[in-house]
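With chain A fixed as given, assemble chain B with the ligand onto it according to the hints.
Heads up: the sequence lines are chains A and B, in that order. With positions in the first sequence counted from 1, the corresponding number in this note's numbering is that position plus 508. With positions in the second sequence counted from 1, the corresponding number in this note's numbering is that position plus 2.
Read the hints as simulated data drawn from the structure, not as lab findings. Only a predicted model underlies this, so the values are computations on that prediction, with no experimental measurement involved. Glycine included, every Cβ here is placed at the ideal spot set by N, Cα and C. It is possible that part of the hints are untrue.
Under the rule of at most 30 angstroms between Cα atoms (straight-line distance), these lysine-lysine pairs were calculated in the DSSO-like manner [stated by the list, open to error]:
{"hint": "1", "chain 1": "B", "residue 1": "Lys423", "chain 2": "A", "residue 2": "Lys616"}
{"hint": "2", "chain 1": "A", "residue 1": "Lys616", "chain 2": "B", "residue 2": "Lys290"}
{"hint": "3", "chain 1": "B", "residue 1": "Lys366", "chain 2": "A", "residue 2": "Lys616"}
{"hint": "4", "chain 1": "B", "residue 1": "Lys45", "chain 2": "B", "residue 2": "Lys63"}
{"hint": "5", "chain 1": "B", "residue 1": "Lys78", "chain 2": "A", "residue 2": "Lys616"}
{"hint": "6", "chain 1": "B", "residue 1": "Lys411", "chain 2": "A", "residue 2": "Lys541"}
{"hint": "7", "chain 1": "B", "residue 1": "Lys287", "chain 2": "B", "residue 2": "Lys477"}
{"hint": "8", "chain 1": "B", "residue 1": "Lys45", "chain 2": "A", "residue 2": "Lys616"}
Computed from the model, here is a short list of chain B residues facing chain A with C-beta under 8 angstroms [stated by the list, open to error]:
{"hint": "9", "residue": "Leu11"}
{"hint": "10", "residue": "Glu18"}
{"hint": "11", "residue": "Ala364"}
Here are the chains, one letter per residue:
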Amino acid sequence: MEVTIPAPLRVAIDDGLFGEETPLGEIDLRLDKYFSVEPGVTRASLMNLAIYTEHPESLADDDESLNRITRNHACRALLLGVLPDLGGLSVRCWIKARCQLGPDAKGKLCSEQVTFLLGGDCQSCLTNLVFCHLRSDLPLVMWWRGELSHHFQESLYTLIDRLILDSSRWANPVPQFAKIAQAVTAPTGRLSDRRGQLLVHDLAYTRGHQHRRAVAVLFDPPAARQFLPEINRIEIVHTPTHRHTGLYLAAWITRQLGAELVQRVGAAYHYERPGGARISLSLLEQNRGTSAIPSILLEGGGARFEVIASEASLLLEIRSRFGVHQTSSFLPGPSQGDEDLVNEILMRGGSNLLLAQVLPRMAAML
Amino acid sequence: MDNPFREFLVSRSSPEPCSVVIFGATGDLTHRKLIPALYNLAKEGDLPPGSRVIGVARREKTDQEFREELREMNRKVSRQGHDETLWERFAAGISYHRSEFNDPEGYRSLGQRLTDRELSEPGRPNRLFYLASAPEFFDVILDQLRESGLNEPGEGGWTRAVVEKPFGTDLVTAERLNAVANATFPERDTYRIDHYLGKETAQNIMVIRFANAIYEPLWNSRYIDHVQITCAETLGMEGGRGGYYDTAGALRDMVQNHLLQLLSLIAMEPPADLTADGIRDEKVKVIKSLRRYPDARAVADNVVRAQYQAGSILGQPVRGYLAEDRINPRSMTEPYVALKINIDNWRWEGVPFYMRMGKRLAKKVTEISIHFKEPPGVLFNRLPVTARKNVLVLRIQPDEGMSLRMLSKMPGPSIRMEPVKMDFQYSTSFGKPSPEAYERLLLDAMAGDATLFARRDEVEHAWRFIDDIEHAWHKSNSPPPMAYYEAGTWGPEEADTLLSRDGRVWRRL
Ligand SMILES: NC(=O)c1ccc[n+]([C@@H]2O[C@H](COP(=O)([O-])OP(=O)(O)OC[C@H]3O[C@@H](n4cnc5c(N)ncnc54)[C@H](OP(=O)(O)O)[C@@H]3O)[C@@H](O)[C@H]2O)c1
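Isolated chain A, as found in the complex:
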């Protein structure tokens, strides 16, 4: 079945970027064969990791992303490029192994990758295709690039254990978040042995991880914690693309302070604590530095607590000033690229409970 392929992608294919083109029915056979003839090779796998995109012109970049992730996380990688606009159904696929030297330079450790290019609009085909090429008993992590299209539907997401997406560039986030809410509460699929809910990671949230740590560190000293009830002003600066990260941080900080949103005027939000004390929170957009969040400020009762990203974003400076004390120290800065964030998510694992709690509050601020 023939797929009409955008020109840049054709070049990548012709250059053999995705490996050896393989008939659909022979994928596992050929992979097995490859690993059986190659000496000193370990076929390592801890999970199934799929990248899904409806912009196949970016497949070469996605391939590079997989390259960076599989260096840290051995997996069966699936790269799924979908061209929904093409009429008629067509599939092409390629296989390759990604190997690196093992520990102490003994032997090679390999992840395997299967790349699919799908033309046409067939929802169940996608699900079936993913499903029959998973390694059994290992979890499925899916990194969904871009907007959640109509392909993101129950028969697919009930197969997924961990879903990674990035809301920061969504054109219309409200209905997208509604889809996620639906997916999270959907019953587990018949064919999945996942026990709990679908775990969702929004890179827009993960980008704020080091900032959350930094805020926590600011309030580790008991003397600083005395000022928590006094905090009445919060200011979060974000770069234009990273408003969602700013919103997540705002939703998180106010949640942890036990404050509820009572009013919004433009980018100014007013919160109230159980005792009636008010907190005003502003989100400022600025185009400076490389960090998604150049700074966070919490103040009140004469105390001031700040997190400031260094220019190159490699470090976060934390500053506090209260009473006679004034201190400043440094923490590691946030991960830079999306792949690093994904690596971080995979490394940390866990159930990401906090996002589940913060997400509805963040969505309410949109």
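Positioned in the frame of chain A, the structure of chain B with the ligand alone reads:
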């Protein structure tokens, strides 16, 4: 008031900032292990900001010189590489304090330094004293800490002591050191390092046993035939280590601490909870249940000591033990020991634990293997097969991981069986390299979590067991003989006999 921003953020207790005072700061351990561990913690953002390091030793040195030396070494050995910007910030918190270990004035000025610093910054006066000196100074330092009052926590803060190995050389010295330690710090603030417990696989033993439904029901004398613990090294006495080693030997240097700790993790009952004392209560029960060797005869029957003779390692000729640098040519110290250990409790009735540790063996490997019993002698067991028993192997080093050996049918018309191996390696499965043991242990000590440190009673009971053997070797009228093996082999024949007379063999590694 708890820190609300810590909710969900970390699954472990996070330490408060503290001053880490290292005694023996110009030494090898500080340069190779402690500072790189702290640097890597800082790199991961796990070192609480505001923490400081003060190194104490007797040489004249400026802060700058001290940092320079540490930087050089960190560049060479740091697990996650060396980043100059980060190092600069990290090293800004390191200073050097010159003092003799027995000089009260040095402790007074150290105290002054700590207080000055604590007053100038927010946070509580938390102090971690790390004894990284040669062991003969441990009690001097502890005494001086007490006499100078540095052991007393300041308002709202804590003081703790981390003590390196070896913790005593026998029961009497360990008890004495414990008495000094506990006169200075309460037991809950005394952290005895056993860096084996900081290794991932050692921590994983409990997870494998108690978080997987399939193992624990089989983990007893009904299904397990025997257990082997091997710690093999290819190194001999390079780098001047002979001087210390010849006074210690394999039994005291490795078995008393590391290998008995591994054994207790394998053999312990499920703890009531995962608190430090919950776990250590169960470990100490195992050590108390080790069957003692009442006399030299029993030692001769169950323990083999040996020295290596000239041979070759990886094609290179090497000297015998007695010809090594700084070794007494008439030494009766053992660079190799093998033991058959029985645990007198319900679970392990009749299941021997064989343990061996040696220098200049064929390869470097530390592992624990659980050898299961054969299934009942019907059906397939009548058929010939090379290796019939299931073996579960937990590899501690070099490639941390585990494997399970099972029997499988060979393809073909007749029923022929062969052992197959299911293998799992940490490094190939989890991309993240395991942190160095010292990173984990330092962080735990700062956070006040003593789970991975040896408690007083564990150490003393382990010495009781070891002392019987040392006594038979060095003080009895009929000491069991020294055996010999060629360097680069798998140890002396006598160690093979220890198993073969029970109808067993050492696992070929
Ligand atoms: N090295 C390792 O990898 C390793 C591994 C496990 C356990 N350990 C244990 O760690 C401890 C330290 O080992 P190490 O190899 O680091 O020892 P080392 O290299 O011999 O260092 C000894 C340190 O003690 C100082 N010192 C000695 N006498 C002193 C005195 N009277 N007053 C003040 N300072 C004095 C020395 O300072 P000066 O330089 O100023 O004389 C030096 O800083 C030992 O207990 C060892 O068993 C070491």
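Outcome of the hint check:
Restraint check for Lys423/B and Lys616/A: satisfied, since their Cα atoms lie roughly 19 angstroms apart, inside the 30 angstroms limit. This hinted pair does not check out: Lys616/A and Lys290/B have alpha carbons roughly 45 angstroms apart, beyond 30 angstroms. Distance restraint check for Lys366/B and Lys616/A: the Cα-Cα separation of roughly 21 angstroms lies within the 30 angstroms cut-off, and the hinted pair is therefore satisfied. Restraint check: the Cα-Cα separation between Lys45/B and Lys63/B comes to about 27 angstroms, which is no more than 30 angstroms; the hinted pair holds.
With a CA separation close to 25 angstroms, the supplied pair Lys78/B and Lys616/A stays within the 30 angstroms bound. Proposed proximity of Lys411/B and Lys541/A is supported: the alpha carbons are some 22 angstroms apart, at most 30 angstroms. Annotation: proposed proximity of Lys287/B to Lys477/B holds, straight-line Cα distance about 28 angstroms (limit 30 angstroms). Between the alpha carbons of Lys45/B and Lys616/A the distance comes to roughly 29 angstroms, so the proposed pair stays at or under 30 angstroms and holds.
With 8 angstroms as the threshold, the beta carbon of Leu11/B comes within range of chain A, its nearest partner Cβ sitting at about 5 angstroms, so the hint holds. Checking Glu18/B against chain A by beta carbon gives a least distance of about 6 angstroms; that is within 8 angstroms, so the hint holds. The restraint placing Ala364/B at the interface with chain A is violated, with a minimum CB-CB distance near 17 angstroms, outside the 8 angstroms limit.
Consistency with the previously given hints fails for numbers 2, 11, ordered from lowest to highest.
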